[in-house]
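S.K.: Given next are the chains, with one letter for each unit.
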Amino acid sequence: MSVIVYIEHWDNKFKKLSFELITYSVKLADMLGTEAIALSIGNVPEQELQKLGKYGIKRILSVDNESITKFDSQVYSRVISEIAAGESAKAIVLANNNAGKSLAPRISVRLQAAIASGVNQLPESVSPFVVNKRVFSGSALARIHLTSEITVITLSQNSFDLVENPAEPVIESANVSLEQLSSKIEIKDIQKQTGKLLLQDAEVVVSGGRGMKTPDNWAPLVELAELLNGATACSRPVSDEGWRPHEEHTGQTGKIISPNLYIAAGISGATQHLAGISSSKYIVAINTDKDAPIFDAAQYGIVGDASKVLPKLVEAVKVMKSS
Amino acid sequence: MNILVCISNVPDTTTKVKFADNNSRLDVSGIQWVINPWDELSLTRALELKEDASSGVQKVSVAHVGPVTSEPTIRKALAIGADDAYRVNTVGSDAYQVAAQLTEVVKKGSFDVILCGIEFCDYNGSNVGGMLAEFLDYPSVSGISELKISDGSILITREIDGGKEMLLVPAPFVGVVQKGIAKEPRIAAMRGIMQARTKPIHLVEPVAVEPLTDIQSFELPAPRAACKFIDPDHPEQLIELLQNEAKII
Ligand SMILES: Cc1cc2nc3c(=O)[nH]c(=O)nc-3n(C[C@H](O)[C@H](O)[C@H](O)COP(=O)(O)OP(=O)(O)OC[C@H]3O[C@@H](n4cnc5c(N)ncnc54)[C@H](O)[C@@H]3O)c2cc1C
Ligand SMILES: Nc1ncnc2c1ncn2[C@@H]1O[C@H](COP(=O)(O)O)[C@@H](O)[C@H]1O
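Chains L and W, in that order, give the protein sequences.
This note's numbering puts the last residue of the first sequence at 324; the count rises by one with no breaks.
This note's numbering puts the last residue of the second sequence at 250; the count rises by one with no breaks.
These aren't lab readings, by the way, just hints derived from the structure by calculation.
Just so it is clear, the structure is predicted and the values come from calculations on it, not from any experiment.
C-beta: ideal position from N, C-alpha, C; glycine also.
Treat the hints with caution; some may be incorrect.
Straight line, CA to CA, 30 Å or less: simulated DSSO-like cross-link-like pairs of lysine-lysine [claimed, not checked]: (1) L:Lys322 / W:Lys229; (2) L:Lys291 / W:Lys229; (3) W:Lys109 / L:Lys282; (4) L:Lys189 / W:Lys184; (5) W:Lys19 / L:Lys17; (6) W:Lys248 / L:Lys16; (7) W:Lys165 / L:Lys282; (8) L:Lys256 / W:Lys184; (9) W:Lys200 / L:Lys282; (10) W:Lys184 / L:Lys291; (11) W:Lys165 / L:Lys322.
Computed footprint of chain W on chain L; a stretch qualifies when at least three of its residues, placed anywhere within it, have a C-beta under 8 Å from a C-beta of chain W [unchecked claim]: (12) 25 to 36; (13) 65 to 78.
Taking CB as the label site, the calculated pair distances span [unchecked claim]: (14) L:Pro238 / W:Val29: 26 to 36 Å; (15) L:Ile188 / W:Asp234: 53 to 63 Å; (16) W:Pro186 / L:Val223: 26 to 36 Å.
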C-alpha cells in the first residue's frame with residue numbers, strides 16, 4: 002500500500018504548493034497506515050528533489066524519460082497510473098490546478114478510482130473513505146463517500162498549512178513502458194509572463210470592483226498589493242470593461258483562490274464573485290454602502306470611499322514597515 | 002467536421018441552495034434550471050465556427066445525460082442553434098457515471114471535437130471531460146480559452162500558470178473549456194424556438210455503470226463571525242488589527 006503524490010514543477014523548481022501537497026500526503030498516509038511516495042516527471046535536479054524531504058517524504062520516484070518533452074494529460078496520466086498501480090497506491094494526490102484537474106479524471110478512469118476534487122482538509126475517515134468538500138460554488142459543504150478501492154484527491158492551493166518534518170528522502174529513478182509516451186499534441190507557441198507573482202500563489206490579494214470608478218484609481222490599490230507582497234485582482238465587470246487584465250478576474254467564471262487575506266475595494270459581493278474568494282482566510286471589505294453583501298462575508302470592514310481609504314492604507318503599511 | 006457539446010443542467014447561479022430529507026439531497030423546489038454557463042459558451046463557439054465556411058464544421062450536436070424532465074434544457078440548446086441532440090435516459094449521479102454514458106453517445110455518432118465545461122456549478126468537479134477522454138482514449142486538453150478550426154486543423158489556446166500555450170491537436174479530441182471561449186452566450190431567437198420543436202432528440206439507452214461516489218449529506222457552512230467595522234477616518238486601525246489580531250501581515 003502507498004499514497005502517491007504527483008509533484009509538478011515549474012521550470013524544474015518546486016513552489017509552496019508542492020510542499021503543501023507533500024505535507025498533506027504524509028498525513029494522509031499516516032491515516033492509512035502506510036507511506037507517501039512523491040512522483041516527479043521531468044528533469045528536476047537532485048538538490049531540488051531533496052527539498053521535498055523537509056516536509057517528511059521518505060521516498061521520491063523521478064521519471065525522467067527523454068520521450069516526455071511536454072505536458073500532455075493523456076501521457077502523464079498513464080505514467081502516474083502505471084506507477085500508482087505498481088506501488089499498490091490506495092490514494093493518489095494531485096493539486097487542484099490546471100495540470101491536476103486535467104490528470105485526475107483520466108487517472109480516475111484508468112484505475113476506477115473515485116475523485117474528490119478541490120478538497121481543503123484531510124478525509125473525515127479513511128475506512129470508509131469520507132471527505133468533506135465545498136459544493137455549489139462554495140455555498141454548501143458535502144460529505145462524500147468514495148466507494149472505490151483507490152481514491153484520487155485534488156488539493157486546493159493554500160488550504161493546508163505546511164508542517165516541517167525533516168526526512169532524508171531516497172530518490173529512485175522510475176521507468177515506465179515506452180509505448181505510453183508518444184504525445185499527439187503539438188505545441189505551437191508559449192506565452193509566459195515571467196517574474197510576476199501569480200494570483201493563485203499570492204497570500205495577500207487586493208482586488209477592485211466597479212466601485213473603484215475608473216481605471217485611473219488603481220494606483221494605490223496596486224501599491225498596497227506590492228507593499229504587502231501580494232497580487233492584484235478584480236471583479237468580472239472590471240475585466241469585461243478592460244480596466245484590468247482578464248487573468249485578474251476572480252469568481253465563479255474566473256479564478257478561484259484562497260489567499261490568507263483578500264481585500265475587496267468597491268466590490269458589492271455578488272454570489273458569483275464570492276464563489277471565487279469565499280475560502281480566503283480573511284476578507285476585508287471597503288465599500289460606501291454599509292448594506293453591501295460583501296460585508297456579510299468579511300471579518301473587517303470599512304464603510305467609506307475606496308479612493309480615499311486606499312491611499313491611507315498605503316501610508317499605514319509604510320509606517321508599519323518602517324517601525 | 003462535427004462538434005459535440007456536452008450540456009449539463011444546473012441551478013441558476015443566483016440560487017440559494019437548500020436541502021431536503023434530513024440534508025441528504027438538494028431541495029429542488031423553486032430552482033430555476035439553466036444550461037451550465039460554460040456549456041452555453043461552448044455551444045456559442047461551436048455555432049460561430051459552423052457559420053464560418055473556412056472552418057469545415059458541418060454539424061453541431063449536443064448531448065445530455067438526464068431524465069425526460071431535462072428536455073426543456075435540451076430544447077433551449079436546439080433553439081440557440083444546435084442541429085440535433087442526444088439524451089441518455091438516466092439520472093446523472095456522479096462524474097464517472099455521466100462520462101460513461103456520454104461515451105456511448107460519442108460511439109454512436111462521428112464527432113471530431115467534443116466540448117465539456119469546466120467546473121460544473123453544482124458539485125464543482127470539472128471531471129466529466131477528462132473522464133470521457135480517457136474512456137474513449139482520445140487526447141484531451143483542459144483550460145481552453147480559444148478554439149479555432151480551419152482547413153481541418155484544430156488550434157487551441159490553453160491557459161497555464163502565468164501564461165498560455167497555443168496547441169495543435171488532432172481529431173478526435175476532447176476539450177474542457179473555460180472563460181474566453183466565446184464572449185457572450187447566444188440567446189434563442191423566436192425563429193430558433195420554432196425550429197427547435199422539430200429538431201431531433203435521439204434517445205440513448207443508458208449502460209449499466211456504478212457511480213464511484215455517494216453524497217452522504219449536505220451542510221450549509223457555518224456563518225462567519227460578524228464583520229468588525231473600522232472608522233473610515235482611521236484606516237490605520239485596520240492595518241494594526243491585521244498585524245496584531247489576525248496576524249496575517
Ligand atoms: C453566470 C454569471 C457568472 C458571473 N461570474 C462572475 C465572476 O466570476 N466574478 C464576478 O466578480 N462577477 C461575476 N458575475 C457578475 C456578478 O453577478 C456581479 O455583477 C459582479 O460581481 C459585480 O461586480 P462589482 O461588485 O465590481 O460591481 P457592482 O455590483 O456594481 O458593485 C460596486 C460596488 O461598489 C460600491 N461603491 C460605489 N462607489 C464606491 C466607492 N467610491 N468606494 C467604495 N465602494 C464603492 C457600491 O456600493 C457597490 O457595492 C457573474 C454573473 C453571472 C450571471
Ligand atoms: N448530465 C450531463 N449531461 C451532459 N454533460 C454533462 C452532464 N454533467 C456534466 N456534463 C459535462 O461536464 C461538464 C462539467 O463537468 P463536472 O464539473 O465534472 O460535472 C459540463 O460543463 C458538461 O459539459
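S.K.: Going through the numbered hints above, which ones does this structure break? Give me the numbers in ascending order.
M.R.: Numbers 3, 5, 9, 10, 11 and 12 - these are the hints that the structure violates, sorted from lowest upward.
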